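Protein chains in written order, with this note's numbering: chain A, 1 to 302; chain B, 1001 to 1412.
No wet-lab data here; the hints were simulated from the structure.
Remember, predicted model here, so these are calculated numbers, not experimental data.
One thing to keep in mind: the hints can contain errors.
[Unchecked claim] DEER-style ranges, computed between Cβ atoms:
no.	chain 1	residue 1	chain 2	residue 2	range
1	B	V1389	A	Q76	49 to 55 Å
2	B	M1392	A	G109	54 to 60 Å
3	B	L1156	A	W112	31 to 37 Å
4	A	S43	B	L1272	23 to 29 Å
5	A	Y205	B	R1036	56 to 62 Å
Just so you know, even glycine gets a beta-carbon here, dropped at the ideal spot from N, CA and C.
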Amino acid sequence: MAASRIGAGTASGVPGEESLNTLLDVQDVTLRFGGVVALNRVSLQVAWGNITAIIGPNGAGKTTLFNCITGFYKPQNGHIILTPPNRPATHLHHLLGQSFAWSDLVHPGQVWGKLRAKMFGGPHSVCRAGIARTFQNIRLFKEMTVLENLLVAQYRQLNRYFFGGLLGTRHFRDEENMAINRAMEWLRFFSLEADADRLAGQLPYGHQRRVEMARSLCTDPMVLCLDEPAAGLNPMETQALSHLIRRLKNDFNLTILLIEHDIGLVMELSDHIVVLDHGEVIAQGCPADIQRNPRVVEAYLG
Amino acid sequence: MGHPLLTQPLLTAILVLLLTAPVSGLVLDGYDFNLRWQPPLWLTLIAFCIHWMILLFKRWRLGEKTGKPSPWSRVSSWGSRPSVHRLAFFVLPVVGLVLPFFLGKYGLTVAILALIYVLLALGLNIVVGLAGLLDLGFVAFYAVGAYGYALGHHYLGLGFWLSLPLGALLAACCGIVLGFPVLRMHGDYLAIVTLGFGEIIRLVLNNWMDFTGGPNGLRVDFPTFFGLEFSRHAKEGGIPIHEFLGIDYSSNTRNIFIYLVLFLVVLLILALVSRLKTMPLGRAWEALREDEIACRSLGINHVTVKLSAFALGAMIGGIGGVFFAASQGFVNPTSFTFFESALILAIVVLGGLGSIPGVMIAAVVLTVLPEMLRDFSDYRILVFGLAMVVMMIWRPQGLVRARRPVFQGRKA
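Please construct the entire structure, taking both the sequences and the accompanying hints into account.
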């Protein structure tokens, strides 16, 4: 898995070109809850293989933006487009189900796709397209073991063999063992292998954070969205986390989208920073520019 | 605090005394009742001894193992099953298969009923215990299975063997039909809707006189075995099985046959459910119970996973219904009241949500015990309620806690 990623990374060409290589394109996303405008024409580009941080004061709409990107909310306007290298682009709003229009009468072929997305679409289709996420308040399956948590994340690869599973065929067992190995690899990466058979709910907080990251990585994503991964961690744990995130980027060529309040961590890690305030992008750029930007200093950094 | 080897059984004994004393100690005598003090004391003593022996046995097993006991006692191994389980694995089916030949007519009826409830409990265990969808109208699928057989027989002349898969399929479809509108519901709201669904089915069966016969019910043919009938005199052209085998006619033969078939089906369903639990689909059900939003963020389609839980649970309930109709020879709507739903749910909760051995034990206990306490039937529900309250205080996780699989011991 890791090897294929690294191979794909070297194939993409000159490092200088990478910044032009947009993987996730958020265009003019607007989301209203009744009269409240939570996101107002938010546009940002996430470059392939970069760490992009989204910062801003509480209530600025950071998590709302995450929810839009991962398909939990459906924005009223705008597009979110995922363009993996050498593969066709995916319009995420198509996966969530669009409303029917008169033009469907002209293109009856689209109706079936729309109907399917309406009935069976949702955040899980976004995940399948290659965007994984963690949650601000940890959402582990508390009554299941850590390893089971990671196996659930591989449901899509495993569930293809229903009858094979019922009969316990060799093929099915091989697949299961592969899934277990994959899960153990990620646990080893996060130094959690000792916790594999413990109930997720019994782990200390810092471990739970890492289990959640490992679990989302088991879905084999291209983009990993981390919602405040350092919240509640002590300085040493934060340091270790920063190291892990950097390794995810370098060794596995993951594109990472990060919400974080720990400015030190953000400045250290990110290649690109987007600042949100009151649902609008007030600045974006490299860490040094953001630190000097007077609007950001006024709104957030203080 | 005293020694746990004594205090725990003592607590059990006191509980048993409290629970059984009013039932076994008071004997109705016309409008009066007499006090009898021996039976409850005996029961108490037996309970004490059993618990004590279990503790001793556990201690002995712990001493036997070289490794220290795991601090995470809920996580126990599948790979290295304790020998008790392996023993139960082989002995119980044999006992179950031999049992009907030693039971009387009444005992057989009770045993069949107990097995039907085991089926129902296994079905509801998928919906409530694994997928975490509180279903208060499970009896609807039981009714669909039973009436599927009865109506199919009445209008289309379908036999038992064809009705078994068809009834299961029909119930599974009903499960999906119920599942679709309640996809977005959780907890209390889901419970209310499913409750309504259960009542709708019963009321339709009760009031659609022309089609279902209403409260008068429908007669059902008893099953046959490769065309051999279980009646004293076969219908035109048929051969009764006792003539074929050259044995004396006994009305028990039919019940023994139904019991054996039912027992095999229960074993089959048991194998199915325990496999499902360790399969990706079963894990997805449990994950859905734990956190639906996290599930969706991991690429699990909650619609299909939920519907599959409803469909499979309903299917097993429907099979139970077909057997119920076959064993009674008659169905009417009074067998499918809300009380049945509540009873099945109580079995699942008492047995331990998600625990397969637990719900099976609870199903047998909760169907056989009331039969044994027939003399005291007026107070059955009272004792039942009391048992529920006591259980929820002292063992909220149910009789047998659901186990979690362990992978590390197994070298992948």
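If you check the beta carbons of A/Y205 and B/R1036, does the distance land in 56 to 62 Å?
58 Å, holds
How does the Cβ-Cβ distance of A/S43 and B/L1272 compare with 23 to 29 Å: does it lie in that range?
At 52 Å between Cβs, range violated.
Do B/L1156 and A/W112 keep their Cβ atoms within the hinted range of 31 to 37 Å?
36 Å, holds
Evaluate the given range 49 to 55 Å for the C-beta pair formed by B/V1389 and A/Q76.
51 Å, holds
Quick check: does the Cβ-Cβ distance between B/M1392 and A/G109 fall within 54 to 60 Å?
About 56 Å separates the Cβ atoms of B/M1392 and A/G109, which means 54 to 60 Å holds.
Hint 4 from the earlier list is the only one contradicted by this structure; the remaining hints agree with it.
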